[in-house]
Each structure stands twice: as structure tokens, then as C-alpha cells.
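Protein sequence lines, in the order shown, are assigned to chains B and A. If you want this note's numbering, it's the 1-based position in the first sequence plus 9. If you want this note's numbering, it's the 1-based position in the second sequence plus 164.
Honestly, I wouldn't trust all of these hints.
To be verified - SDA-like, lysine to any residue: derived pairs with alpha carbons at most 20 angstroms apart:
#1 B/K160 - A/T707
#2 B/K489 - A/R522
#3 A/K422 - B/Q250
It should be emphasised that the hints constitute simulated quantities derived from the structure, not laboratory data. All values reported here derive from a predicted model rather than from experimental measurement.
Below are the chains, spelled out letter by letter.
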Amino acid sequence: MSNNHPNSSTQNKKTDIQRQPRMGRPGGGPMAMMPGEKARDFKGTFKRLLQYLGKYNFLILFVLLLSAGSTVFSIFGPRILGQATSLVFEGVTGKISGTGQGIDFQGLSAILTRVGLLYIISAFLSFLQGYINAGISMDITFRFRRDIAAKINRLPLQYFDKVSQGEVLSRVTNDVDTVSQTLNQSLSQIITSTTSVIGILVMMFSISWTMTLIALVTVPMSMVVIRLVVRKSQKYFVQQQEYLGHVNGHVEEMFGGHVVIKAFNAEAESINTFNKLNTTLYNAAWLSQFLSHMMMPIMRLISNLNYVAVSILGGYLVIRGTISVGDIQAFIQYVRSFNEPLMQIANISNILQQTAAAAERVFEFVNETEEVPDTTTPLQLNHVEGRVEFRHVRFGYNPDETIIKDFSFIAEPGQKIAIVGPTGAGKTTLVKLLMRFYDVDDGAILIDGHNIQSFTRADLRKLFAMVLQDTWLFNDTIAKNICYGCDSADPDQIIEAATTAHVDHFIRTMPGGYDMVLNEEASNISAGQKQLLTIARAVVGDPPMLILDEATSSVDTRTEVLIQQAMDRLMQGRTSFIIAHRLSTIRNADLILVMREGDIVEQGSHQDLLDQNGFYAELYNSQFALQPV
Amino acid sequence: MLKLLKYIKPYILLVLAAIVLLFILANADLALPDYLSKIVNVGIQHNGIEDTFPLAIRSEPFEQMAVFFSPEEQTFVNAAYRRVEPTQDSPLLAEYPALATQAIYVLEELSTQDQQLLEPIMTRGMIITLMIQQMQENPGNAADLAGQLPFDPSKIPPGSDIYTLLEMVPPEQRAQMIDQIKDQIEGMSATMADQLAITAIEREYQQLGVNLGSMQTNFILRTGGIMILISLVAGITNITVSFLAARTSASVARDIRKDVFTQVESFSSQEFNIFSTASLITRATNDVTQIQQVTFMLMRMAFFAPILGIGGVIRAVDKSPNMWWIIALAVGLLLLVITITFLITTPKFKIIQRLIDRLNLVTRENLSGMMVIRAFNKQDYEEKRFDGANRELADVGLFINRIMAVLAPLNTLVMSGLQILIIWIGAHQIAQSTLQVGDMMAFLQYSIQIMWAFMMLSMLFIFLPRAFVSGDRIAEILETENVIKDPQHPASFPEPFSGKIEFKDVYFRYPDAEECVLYGITFTAQPGETTAIIGSTGSGKSTVINLIPRFFDVTEGAILVDGVDIRQVYQSDLRDKIGYIPQRGILFTGTVESNLRFADQEASNETLLESLDIAQASRFVFANPEGLQTEISQGGTNVSGGQRQRLSIARALVKQPPIFIFDDSFSALDFKTDSALRQALKEKTGHSTVLMVTQRVATVKEADQIIVMDQGKIVGKGTHSELMQTCETYQEIATSQLSKEELA
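This is chain B alone, in the form it adopts within the complex:
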């Protein structure tokens, strides 16, 4: 039983599917039924991929030569084994009819040694190919992943407004996997298949062109049949996926809303709907499964008919003395091994398209415009007072949608600035501008009179301590999490910060203390404690300015008091920006910025704003003004 946490949202579910290791591409199975995906710029992407392979280009060429060589050596096998059989046959018939000496064992032994050597060489080449290839593809995979990960940190935050995390994650895993799979297997498979088909054809023609032609008659036949089956089954496969989606959607919804179903006595209705969806799915499912697995029996039938044709014609030709008995044996082996590479070749364009599409997405991501580079002549301040000025700032997340039109204010050093507004009013926007997660469209933000764009981002951000509502911690020890911002891990520094944040005692009560490892969801400590840890983390650097996002309501009362105290202590002597959810805590702020639908609609002190009797007053009063009935 796996106890997935119910809170691990849809995004987690998606990645669970992505986590399946994919060590081989299923051949004729249902995967082949999926309508293929196409790259927009196939040629360009492959050119790019070749460039990316860089120093490996020659090694890959070598690997391809190896796979071709391995195939060629193994293709001679059946032919020579056939000669061995012929030798035996002639020996026997000769002996019976009294014309020969019996089987020439010396000759036979020579032939078999030769074929054995060929097979050994072929196996060795194949091994060498696989060995080198594994190294190349793993290294490329590694590089792809590293580049994507590094890119994540260089992209402007804007990028993630339009691309979901799941999508980026899928590039790191799925897309890179697809490319790596192609490099590791498909590429050499393409060469092997092509060499096989050509080699087998040459061998077959060299034995008997009539037999070869008869055997080849079935090739277009099977192509037509496969095409028909694929087209038919693709239709039903897509249909099945759709119905499966409906069933799964219903299951997800009903299980997710289970208490509501119970509360409204809606079980019977839900089961009813489910049964209908389930029956529809069944009808599509068996048909899809049946059709998508038609290929194997049909290919087998065609291969068997080929076998028969070769047996009959071969027998006839042997009687006529055109070929020998061993040739039939060799021919049968060639015919039997002809279909597989042929089907692989038929699938090549599909594989290449898929690869190109995956590679294209990866390259697209790697090529995304990065953050505007830092100034080349960065400002270095020895001491920062913490005077912050917004001067005629204009900003919009989209170029065509300006949300902050013309905003100015000044925060003197040590002042407390509160940002209030209803949920979704864009309270964090100002913070994002201040720390240059986004750049202003017009106007400027100044710190101690210097435009923030004249600092490097790193220097600028060092000036702020930030505590966000989203308590982001990572899967490592508590000490490492607290010391996230420090350059050196001085234990005293960490303990001091923890003490300031009122979390030292708590940490010491945990198993392992400061060395306790937070689990993946950091769910082995409570939400309030997480909040305290983020406060401790912010304190470590002792920066002159502070950005605080008030804790959510999900923290228990006692911890909330602790957090409040820790934050108050933190604010002393620092220019502080507080994103407030509760109006009671910020009434003593020096300046309150009121936001509504992304825009700053009012600013002033608590009393000023109440006197204005505007939106702030409305917000504030609504909190308490409910008339007792």
C-alpha cells in the first residue's frame, strides 16, 4: 500500500507517471498506435542536435560503423550454415547412391569454425557498439539535464507565468529521455535495420532471384495490411484513450469530492454515471486492444506464407539443381529475419520525428531569452541606509496589460511599509519589482538614491531578508536550510538566527536537532515551525531591509504569537515591507499601500486612509463592523 499524501496535487500525479523508467521502446504494441508527434523544424532541430553532440560526432560515426559491421558479419551466418547443410546432404546422398565418399567432416569443421568466428566477431562488435554508445548517450543526457537545470535559474520569472512547472519538469525527464533513448538505441537500430535489410536482400538474391522475388511479393502486401490495421486501430485507440480519460476523470472527481457525495446522498447517481462511462469504455477498449494487437498475428501469417513459398519453390529449385538444400535452410532464416528490420525501418521516420519534437522542446527551453544581464559596472556600497524610492513606476506582467500605472512613494530608513488588499490583488508584485524578479517597464526604483538596476542582482538581493508566505524549504538538514543564505556555515551564526526566530528550542527537541533532515514535502515539521525556520533563514545575513509575507491562517495560535514576535524583532531598525492579510497588525505602519486588482489605489497612514473613507476603510470596517443580530 502506498500512502501518497492526498495533498500531493495533480502535478505530483503527473510526475508519478513520468517517473516510470523507460528502458526500451515497445515495438508493435499499443505505443506504436499513438498518432505520432511532429517537430516544427525537423531539419533545424537535427542540425542543432548534431552541433550539441559536438566532440561525439566522430565517435557516433564510429559506433554506427560498428553496428553496421556487426550486422554484416552476422548476416553471412545463415548462408554459410546453409553451405554446411548442403555439404552434409551431398555427402549423404552421394553415399547412398554409391557415388560419393560420405560426409566431408574436415570441410564441415572448416565451415562451422568460419561461421563461429563470424558470429563471435559480430557479437564483439555489437558489444563494443553498445558499450561506447551507452557512454555517449548517458553523457549527452547528463549535459541536457544540466543545461536545462542551469537554465531554470537564469530565466526571468516572467517565463514561468506562461509555462507551468509540470511542463518544465517534463522536459527534464520525458523529453530528455526520448532523445537519450534515440541516441542509445534507435540510432544504432536504424543502422542495424538498414544494413540488415540490404544485407539480407543481397544474400537472398545471391541464392536465387526467383525465390527472392516471390518472398518480396509479400512485403508490399504486409505494408498495405499494416497500414490498414494501424489506421483502423489508431482510431479506436484514440477513442479508447478518450473514454478512459472520461472514466478516470469521473473517478478522480468522485473520490476527490467523496464527502460531498456522501453528504448529498449522491452515491447511487455517481455509480450510475460511472457504469455508463465504464460500458462505453469497455466497448472501445476491447476493440482497440484487439485491433492494435492484430499486427502480430498478421505479420506471423505473412511470414508463414513466405516460409511455405520458400519451401515449395526451394524444393522445386533443388530438384532442378539450381540451388542446394542448405540454401533453402539459409533462405528460410533470411525470410524469417527480414520482417523485423523492415518494420523498424517503417518506424524510423516516426522515431526521428518524436526525437526531433522532444529535442526541439529541449532546445527551445535552453534558447529562451534569459534575464537582462547585470550591469557591467556594478555599484558597490559599503553601507546601505535603506531608503527606498519608487519613482513613477509603470509595470505590467503582459506588455499589453499595465497594472501599475504611475506609482511613486518613498520609504525612509527603518520605516515600516504595509501592503494590503484582498486576495489576488497582486500584493507580491511590489516585492517582485523591488528584488528585481521583474523589471519595471518605466520609471525607476532607487535604494539610497541609486537605481536598483545599477547593482548586480546578487548584490541587490543581499540587501534584503525575505520571508515568504510559501515556506519553501528543501530536502536537507535543518542547519543547511537555515544557513541557506550564508556563505560559510558557522554553527554559532545558525544558532543565533534560530534563537532570534524562537525556533532554537524546538529544533533541539527534534530527533537529530540541527542535523535533522527535512523530508521531501517538509511534512515532518508543522507549518508554523516551517514559517519560523524561514524567518531564521532570513535573519542569518543581517541585511538592512526586510520583506515579510504574513503567515497564513493555517498556523496554530501559539505559534502565531511566536511568529509575530519573531517578525517584530526582525523589523527593528530595518526598512520593512509587510504583505499583510490581517489589518489589525499593520495599523502602526508608517505607510500603508492599498492594492486592488493589481493596482495601488490608495496610500497613507492608517488614520489618513480611514479618514479618506475609501477602499481601505471599507476593507477595514468589513472586518469588524458586522452588526450583532
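We have chain B; now place chain A onto it with these hints.
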């Protein structure tokens, strides 16, 4: 997994039919090499002569060879053949042109049994005739052959007729001689004897003027025809098996899915907690699909591989009983290679799974913590962390891929070695006349089919256990029984229903938990009043109200609604009285209207509109031109959290129940909306019993009764002003949220 076998039962006939068909299919597949062997042995090597007794024979040799038969045998043979006098006018002339000049004997229609009796007799006759002929043609060889005959033919003066001489031998001596010859021929290998007999028959046919060429061609074509028939039968059988497997697996999946879903729908929140919602969803969806695939694969592969493998072994051993060890050796080697690879890679596959998870985790952390990472300038650090995970993954991946690079050529090598060995050993047996060339070729192909079967089987053994995990996960659901059951003799609520709720010393403990979540909860919620429950996270306040609709059952104590213990009435009767609003606004795919009507299909349009009004949802619903028909996507993701909450409040209002339960249902609303909503509610729910759980003091301030909870116990009960005087916990909560003036 075994517990799911009962789902196969209704389709057992389909499964049995599939097995029978697979049997036919395997035999058909295995028959083809057999026929190829016939083409080589009979068609090519023996010019199409199938039997070791002649279908026709000239009168002279027929009568001559009688000296080698015992009197009983002579009678039998004479009855088997019919003498035809020379003629110019007989349909037999076309087949045997020699009939024009001499009398011939033609074989009568014989039963199979008689044919079997005839075979050794005629084989003997034909072989001796052949030997005598060869000696006469080539006296130099006579000494060679002498050893095989009970007399020394070289001593016979040339020109004298050997048969006349033999006829003169006294009967006892002749009988002795016949026995000797019999022993001699039986001492030869069957293959050798057959070949000699067939050579003799071939010569005889030549004498008869039979067209051997067309006989050969006919044989090949006839055999080919049979092969085509077999191929077609195999093809049709194969497709039918696919059909049966697809039907069965889809049916089984449908039935399991249905049962799982119905079962889960009956679960209480308790079972949901045990399994977790996400896990239940996976089990009802992915795991069932997995079972479908496995059932299909089992029906196609798991039965077929052993049938083919065993059939192949039987036929191969039949062809050459002395070479079975080659196949055993190859299969052994193959299994050894696969087992070793499996043993080496399995632990690595587990590791790689962990490393992929790790890589995903780091990437996810990088994405979700983007702001923090940049705020702390930790991009380089994060890159290093990712590189570490990435490097580890690449290293293990490399190891596995390199093992695989050894495996594939090794397998091919075993196969090739097998073929070489078969030809080498086979050639020796052919030289000793214990094997025919065609049989060796068939043996080669059987061995390939056997290897294929074993390869399939070992794959199944590797993959099936993984698939069985899904089966076990499903079985777990089906075996779990809902702990909350309807009573056998239900009571009913009094009429008219008032909606009074009483908690009487209620304790609640999760199953397997050591500590109770609730201790001695006692309170009464009166109709027409609002009872608010406040407390910090983990204080048990939500648990209290989840007990009322029996999402969980109390561990001790009782909950009475209108004086009736809620365990005494039908769950559906109880829930009919309750309007429940969950913390997370849960909406379903459809429209705003379909979501509202979820509470009551028959509700009037006015009720819907009024409910939306009270829930403060009219404005945003009608801001959309679609109004009530506005689409709601799965999970209600196309509306905001606050809107979802308001719609789920409206839904409960449509039901117009006597009891309302709000489980922190205002949390996503801003204060303004919150207060407007509560005001409107107050007017609407006048006579109803209202229970609300919240963390906001502002929300509970004007409730008729406030229950303060801390660590599963009630620590305060009363109105806001009373509690401000008496309850420390309440004061703590209140002061953290409200300013002094507001607290007044």
C-alpha cells in the same frame, strides 16, 4: 492477485477456448518445419517417394522376391497386389508405360493396418532385390555386400539365376535363411533401411517407366498445399485468440473497475484516510488498466510460450532423440545469462528509480523555490545540487546500459552456437544414418522456437511480479469493508423535525491511533442558533463536525439529532437533513446549474437564484454571459478558491436543510465578502441549526454559542464576551487577531 481470479470466472469459457486455440496454433507453427523436412527428405532426397513399399511392380521381380518370404507372407503379399496382364488399353498405361509389354502387379486399396503389415515385408523384399541387382551389375562390390546376406553371392557362378538356385533350397533351410535376413535388416538403422528400400523402389519405378519428375513435383506441391492450409489455420487461430484475449481482458477490467468504484463509493472517510484519496484514484484507474494489460498478455503469451516450448521439445526429441542435450544446454545457458543479468540489474533498477525521484525532487524544488533561491543568490548552489543528483543518475544508468550491451550479443551468440552445434552433431548422426538431413533442418527450427518460448517465459517471470502488485493493491480495496454501516432495524426522526444536535461525552480515536483526537465532547446545538467552533490547527474542531454526517463514527459516547442516536437511522436519512459545506470548495464538471442541482434536482429556478444571492455568488456568476450555464471544469479549477467556496455554500442552500454545517467554509473569502455572506445567511437560515468551524475570531464574534477547542477538548463554551472573560485560550486567539478596540 489470486483473489482477483474470480473475475476471470464468468469468462472461463473464453479462456479455455483461447487455450485450445493456442494449442492448435502451437501445433500448426511446429508442423511447418516438419513439412519442410518432408520436402527435403521425401520430395528432394527420395524423389517424392513416400512409402517403402512399391505401388506397382513388374511381375518378374515381384515373383522372384517371393523366395524371401515365408509361406504366410507370400499369401499376404499376393492378396495385397493385383496382377495386371500386358495390355494396350488401360488407364494404368499412362502411369506405368511398361504395362504395354509386360504384366505388372498393382497395389490394392489397403487399410492402414495392412499397410503397416506390408511395409516390413516389402522393404525386405525390395532391399534384397536391390542388393542382388547391385551385385550383378557390379560384382566388384559383391564382397562388401556379402556380409549382409546369409549366403555368399560371389560364390554363385555368374550368369546363373540366383532365384532359381534359392528355390531349390529345402524349405526348413530357407525359413532359417529368411529369419537371418530379417534380423539383418532389423539390425540396420531404420533410416538406412528406408533409404535402401526407397532407392530400390525408385529403380523399379524407372523400369516401369513412371514419370519420377512429375511425381516429385506433385509431392512438393501437395505438401506445400498442406503447409498453406496450416498457415491459414494458424493465422485464423492467432487472430481469434487475440479477439478472445481482448474481450476477456476488457471485460475483466470493466468488472473490476465497477466493483472497485462501487466499493470505494461505499467507503467512509475512515477508509479514505487509510488509503488516501490519491492512492484510491490510482488503484481504480491505473492499476485496473494494468490488470487489463496483464490479462491480455497472460492469455496471449503465458499459455502460448509453454505450449510451444513443450511441443517443440517433444517434436525435436522425436526427430532426434540423441540431440536433446544440445537444446537443454542452450536453454540452460540462456536462462543463466538472463538470470545473472536480472540479478545484477534488479537492484540497480531500484536505485535508478530512487535517483530519478531524487532528480525530479530537486528540479521541483528548484522550480517552486525559484524566488527564494534567487533572493538568496543560491543559483550556483542549486546547480551543484542538481549536478550531484544528475551525475549519480547518469552513472547508474550507464552501468545498466553497459550490462545490457553485454546481454544482447551474448543471447545472439548462444543462439548461433546452438545452430552450429546442431549441424556438427547432426552431421555425425546423419553419417551414421540415424538422422535425415531434413530432420536436422527441422530440428534447427524447433530449437529456435524452443529458445523463443523460454525467452518469453523468462520475460514473463520478470514482468509479472510487478504487474501482480497492481492486483494486490486492487484486492486490498475490495477486501476492505466500510466500518460505518446502516442499522438493521433503523429508527426514524420525529416529525416535525427540529434539528437539535446533542454531543454526549463523545470520544473519538482514529483506528490504530494511540491517542484520542476528541475527549469527552459534550454540547448542544439548538435550532435557530449558530454554534461556532474555534481552535487552532489540530485542536479537533473539524473532527467534531465530521462526526455529525457520520463521515466517522464516535469511538465512545453518542451524538443525538432530535433525540435519536445518529447510528440508529439510515445514513441517507441523516444526510438528507444536513447541508454540508466542505472547507475546500468541491465542485464537479458541468455547469453552475448542474452543480447547484446536485443538492436537489427538482429545485425551482428561484431557489437557485436566491441561493446564489445569499452566497454572494450572483455577481460573478452573472458577470459571465452564460450565467447559470457557465461551464465548470473538472475540480472547478476555472473559478477561484473564493468563488468555489461561495458556490458550494449556494449548493447547500439549494437543499434547504434543517441543519447547516460549515467546515471552515469562509477561509478563502476576504473579510468583506465574509461578513456580507454571513449576514445574508443569518436571515435565510433563521430556523436552521447552524454549526460552523473557523479560525477567525471576527467570524465567530456574534455566534449564539462559541465552543473553544484545544487539543481535542472543549476548553470554553459561551458567547464572545463571556469567553473574553473566562477562557484563556479564546483570549489568546482573539488578541492575536484583533486589536484592543475591536475586542471590546
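Would the pair B/K489 and A/R522 pass a check requiring their Cα atoms to be no farther apart than 20 angstroms? This hinted pair holds, its Cα atoms lying about 18 angstroms apart.
Measure nothing beyond the straight line between the CA atoms of B/K160 and A/T707; if it is 20 angstroms or shorter, mark the hint as holding. Roughly 46 angstroms separates the two Cα atoms, so the pair is violated.
Compare the distance between the alpha carbons of A/K422 and B/Q250 with 20 angstroms, and conclude whether the hinted pair is satisfied. holds (18 angstroms)
Hint 1 from the list above is the single one not met by this structure.
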